[in-house]
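**Student:** This is what each chain is made of:
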Amino acid sequence: MNAKMTKSCLLAVANMFEEKKEELSSYDAVIGDGDHGITMARGAKAARIKLVEMEESTCRDYFKTYGRTLVSTLGGAMGPLFGSIFLELSKAVKGKEVVDAKSFALGFENAMNKVMELGGAKPGDKTMVDAMATAVGAMNEAVAAGDSFVETLEKGAKGAKEGMEATIPMIASRGRSRYAEEKAIGHQDAGATSIAYLLETLTTALKEEISHE
Amino acid sequence: MNAKMTKSCLLAVANMFEEKKEELSSYDAVIGDGDHGITMARGAKAARIKLVEMEESTCRDYFKTYGRTLVSTLGGAMGPLFGSIFLELSKAVKGKEVVDAKSFALGFENAMNKVMELGGAKPGDKTMVDAMATAVGAMNEAVAAGDSFVETLEKGAKGAKEGMEATIPMIASRGRSRYAEEKAIGHQDAGATSIAYLLETLTTALKEEISHE
Amino acid sequence: MSKKFINDPELIVEEMIAGYVHAYQDRLTNLEGSHVILRKDQKKTGKVSVIIGNGSGHEPACIGFVGFNMLDANAYGGMFAAPSPDTLFDAIESTDQGAGICVLISNHAGDVINSKMAIDMAEDDDLVCKSVILYDDIASAPKDQPEERRGTAGTLFNYKITGSFAEEGHDLEAVCKMAEKVRDNTRTLTVATLPGTSPITGIPMFEIADDEVEIGMGVHGEAAAHNMKMDSSKAIAKVMTKKLLEDRPFVAGEKVAVLVNGCGQTTQMEMLIFYNDVREILEAAGIEVIKPAIGNFITTQEMGGIALAFCAMDDEMQKQWEKPTNAPGFAW
Amino acid sequence: MSKKFINDPELIVEEMIAGYVHAYQDRLTNLEGSHVILRKDQKKTGKVSVIIGNGSGHEPACIGFVGFNMLDANAYGGMFAAPSPDTLFDAIESTDQGAGICVLISNHAGDVINSKMAIDMAEDDDLVCKSVILYDDIASAPKDQPEERRGTAGTLFNYKITGSFAEEGHDLEAVCKMAEKVRDNTRTLTVATLPGTSPITGIPMFEIADDEVEIGMGVHGEAAAHNMKMDSSKAIAKVMTKKLLEDRPFVAGEKVAVLVNGCGQTTQMEMLIFYNDVREILEAAGIEVIKPAIGNFITTQEMGGIALAFCAMDDEMQKQWEKPTNAPGFAW
Ligand SMILES: Nc1ncnc2c1ncn2[C@@H]1O[C@H](COP(=O)(O)OP(=O)(O)O)[C@@H](O)[C@H]1O
Ligand SMILES: Nc1ncnc2c1ncn2[C@@H]1O[C@H](COP(=O)(O)OP(=O)(O)O)[C@@H](O)[C@H]1O
Ligand SMILES: [Mg+2]
Ligand SMILES: [Mg+2]
Ligand SMILES: [Mg+2]
Ligand SMILES: [Mg+2]
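One line per chain: the protein sequences are A, B, C and D, in this order.
The first sequence finishes on residue 738 if you use our numbering, and the numbering steps up by one all the way, no holes.
The second sequence finishes on residue 738 if you use our numbering, and the numbering steps up by one all the way, no holes.
The third sequence finishes on residue 315 if you use our numbering, and the numbering steps up by one all the way, no holes.
The fourth sequence finishes on residue 315 if you use our numbering, and the numbering steps up by one all the way, no holes.
Because the hints were derived from the structure by calculation, they are not lab data.
Every residue gets a Cβ at the ideal spot worked out from N, C-alpha and C, and that includes glycine.
Any given hint could be a false lead.
[Stated by the list, open to error] Here are some, though not all, of the chain B residues that point toward chain C, as calculated from beta-carbon distances under 10 Å: (1) E544; (2) K545; (3) E548; (4) S597; (5) G644; (6) M695; (7) G700.
[What the hints assert, rightly or not] Chain D stretches covered by chain A per the calculated footprint, using a threshold of three residues with CB under 8 Å from any CB of chain A: (8) 4 to 16; (9) 95 to 108; (10) 179 to 187.
[Stated by the list, open to error] Quick list of simulated restraints, FRET-style, between CB atoms: (11) D/K225 - C/G185: 25 to 31 Å; (12) C/N13 - B/V623: 41 to 47 Å; (13) C/D107 - B/G620: 21 to 27 Å; (14) C/D(-9) - B/S582: 57 to 63 Å; (15) D/P(-8) - B/N638: 31 to 37 Å; (16) D/E195 - B/I696: 42 to 48 Å; (17) D/L110 - C/K302: 55 to 61 Å; (18) C/D(-9) - D/K274: 56 to 62 Å; (19) A/P694 - D/N13: 44 to 50 Å.
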């Protein structure tokens, strides 16, 4: 994935979050405060504007711009947590012309660790970390097996989706939904859903880009 | 109506207002603040307790006790306005052993004037004054025709009912319902209803008392 | 079932006052055996006292307005019912400091009638009383019949300014003149979005369509004569401000204090946005917008809505308006 | 359709702040180009500054707590979202008076994470910062995991006491110690009766049965784990007071200040009745009930309910608690 493709894929991500505004909020409504989709859409809009304004640049700078914009315009927990994903991906592709499976998988794993460090959540706490953990596992396997970037992303997306579904029966230990205790059981975590959609969108957008080459 | 009967009739009035609590409030709800029945019931309860506690006394003192209790425990507009009815009746029977048609009709007319003076309403303003005015007219006619006290009361009650019904199509110019302007049309005035019930109850209670003699 | 934090509906006022007097025991007390909130710092040195009676259910009004630089006493009645003549008499008598008593009366039938009776009683006891009837609500009667207008949230200007002015030691006539001046320069209009619930009946105090607001609502939930569709803060501010400006009228070059009074459940957030819209309109009209009051001061239980009031001030009024007070419902 | 007095949902915070800064221009200002409310009377003479960041939507909290004897600055975020690290950094930098900055953090993931990042930035710029994480809500974690408990209405004790204490000129370490002491002696529990409406989505923030209340509700309408049937004020006061007394525990002979914090639409009338019920229980338990705070201080839009907080105080804390302040949301 070269710089141009990175920018396109990130724009696809931004568009997706703007579209999924209501759906993502609805997951947050039952056990959180119902604003997750709004938050993600607001961040996506700000990032999209920044990306569109940018001169031609590097993969690293595109990721960094998305991440920085989330941190500074979103606030809340999502600003730093979701922002960190893009900032860590940015670090992992420092000095690289293209993003490959290995650097992406590494960046995403670092992102997961950063999110865990900042937010204090671990897998099983019914947060976005659950979807990240299963995605990281799947992508690391794919990299070890020598899969292509697209294949790796695809497996990552599938892994994320499994992690997301695994949050349904959980009681939350982090995030606002933890106060719902038993009431949280049966509901899918909003942040984990966003991770699944992020990887799914990156996959389809990248396939699209490749088909256009 | 001797002193004993006066006390019994006033207790009947108090019981009636305690029973009609919801109904009278409902008339006030549409165009006023919905508390008329509660107010009347609260006053009636306080007056009932005072009456029951009283030593054997005069007609004048029974009326006076009911009136004073309304003024001092009710407050609001109803305390002085409804209280004045009983206070004026009390004045009109000063020094009398029994209440007769003439003194009652005179006391009630004075009461109407007092209510108009204190509250500033005149007939046609969609208030209790409308029911009082038609009752006064009917009772004065009865007295002029030499009717008995029961007959006079009965005609007064009928007159009050007509005055009450006449408030339905009116726009209010006094009381809280005047702010409703056109919206008040079609609704019966709460205070006028209380006047009609007051005279009706006095009539039936007095008939009852007489039949027990 | 109403979800209010109450015990027995018949004991609401009594228990509320018990809590209030305990909470502010450093400055306030309840007159033994009566229904009157009094200041503890009353000087008894020839100061005119300024008092008012009002029905309960509008808290912090008016128990909350008793304090230094504000009222000397509040005679409180039952829920939404003016206090009885006896209670008002107690307030008059207990605050007498030898210089007379200015009785402010918010124009509602019950308040007027009971106050009249109380003042008769007081004069009979050689107490020197003067009453000033307060009216400010432009929705309740045309402008050529001001005495037919009711007293609503704009009376707050009077409690503060007249109260602070009396604190300076002016005589009864001057204090009453000030009250009249404040009244004559004040105009109020109320918009309601949602009804409050009567704590006695447990039911909403009026009905209102989902997409409408009532313009001209009274402080007891009295139905308003006019509805409009719910609109943006700016649009509502425009409609209300126009009506208020035209009524007195308020004109360019004047100094005007704005009151944005929440009726109960309207948030500070909304009041601040609404205030911002109003002051932009006033500034555009060349009016100098001085220190405002923004908050839930005179409420109708948890009614949704805003009472917007303007008071045009000269330097003397502004000085009194801006003075600090320790009245619990208006400390600033 | 939500009936809030707003214009564009995206401009709520901006317009609210414009109104706020205009209304209190005699004492407050907004830091140019940032999202920080500042005092105009800042002394720049070696006073430790005390600041906090918080999401908007809880007004008067926390913009309302900036003032003499209270906070030096409030960094405000979007609706219910903690401010970004940049904003918090601006608040730290702009209030630096050479004696260090005490950053109070109400324990919520967003607040903690963004504050951490801001403090990193500040330290990088050689600003001397110390943070104190505030937690008081006993519903959110067991008592042996206090750092897992969230910061709710009881943090108000900290803003006032630590703010007043810093005003006296103590050093950063002493100020932070005071903040920890207040925190460790504070406990809060919230009961909700009705949801507030999100001004962004226009829909109620949670659901609740007609005859139930939620015990343990969060300040953003986070679902509570336990319901109980709606009951009398006395019965609810009993349940809540018992849980709070047992948690710390608070015992006979201690001096305790009570906070009855309305969540938005609960009336003063109810808060006063509820306060009266609570203080009777405390007095019966041999606790000395000192000056309380009763009002809508930290709200969740127009949510119905009460956050009840206790803070056990020694003489020093009580002295600071009772001092006057001109912070618009807490003047007393
Ligand atoms: N401490 C945390 N660590 C990791 N993820 C978290 C944490 N707190 C919240 N989340 C995630 O954030 C999601 C909610 O995001 P959002 O609604 O945007 O933020 P907020 O909770 O501030 O309203 C949750 O579904 C969860 O996945
Ligand atoms: N100024 C007045 N003069 C005569 N009657 C009045 C006046 N104001 C109100 N009323 C009567 O009082 C009734 C309402 O009584 P109530 O509901 O008990 O008092 P409130 O209006 O104080 O709530 C009205 O229906 C009307 O008949
Ligand atoms: Mg959320
Ligand atoms: Mg009524
Ligand atoms: Mg009434
Ligand atoms: Mg949120």
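**Student:** Next step is simple, just say for each hint if it's right about the structure.
**Tutor:** Comparing the hints with the structure gives:
1. E544: It is violated, given that the least Cβ distance between B/E544 and chain C is near 16 Å, above 10 Å.
2. K545: 15 Å, violated
3. E548: 13 Å, violated
4. S597: 5 Å, holds
5. G644: 6 Å, holds
6. M695: 15 Å, violated
7. G700: Where the cut-off is 10 Å and the nearest Cβ of chain C is about 7 Å from B/G700, the hint holds.
8. 4 to 16: It is violated, with 0 qualifying residues against the three required.
9. 95 to 108: As far as the stretch 95 to 108 of chain D goes, the hint holds, because 4 residues have Cβ atoms under 8 Å from chain A.
10. 179 to 187: holds (count 4)
11. D/K225 - C/G185: 25 to 31 Å: At roughly 27 Å between Cβ atoms, C/G185 and D/K225 fall inside 25 to 31 Å, so the hint holds.
12. C/N13 - B/V623: 41 to 47 Å: 45 Å, holds
13. C/D107 - B/G620: 21 to 27 Å: 24 Å Cβ-Cβ, so the 21 to 27 Å window holds.
14. C/D(-9) - B/S582: 57 to 63 Å: Once the Cβ atoms are compared, 32 Å apart, the range 57 to 63 Å for B/S582 and C/D(-9) is violated.
15. D/P(-8) - B/N638: 31 to 37 Å: 59 Å, violated
16. D/E195 - B/I696: 42 to 48 Å: With Cβ atoms ~43 Å apart, the hint holds.
17. D/L110 - C/K302: 55 to 61 Å: 42 Å, violated
18. C/D(-9) - D/K274: 56 to 62 Å: 28 Å, violated
19. A/P694 - D/N13: 44 to 50 Å: 47 Å, holds
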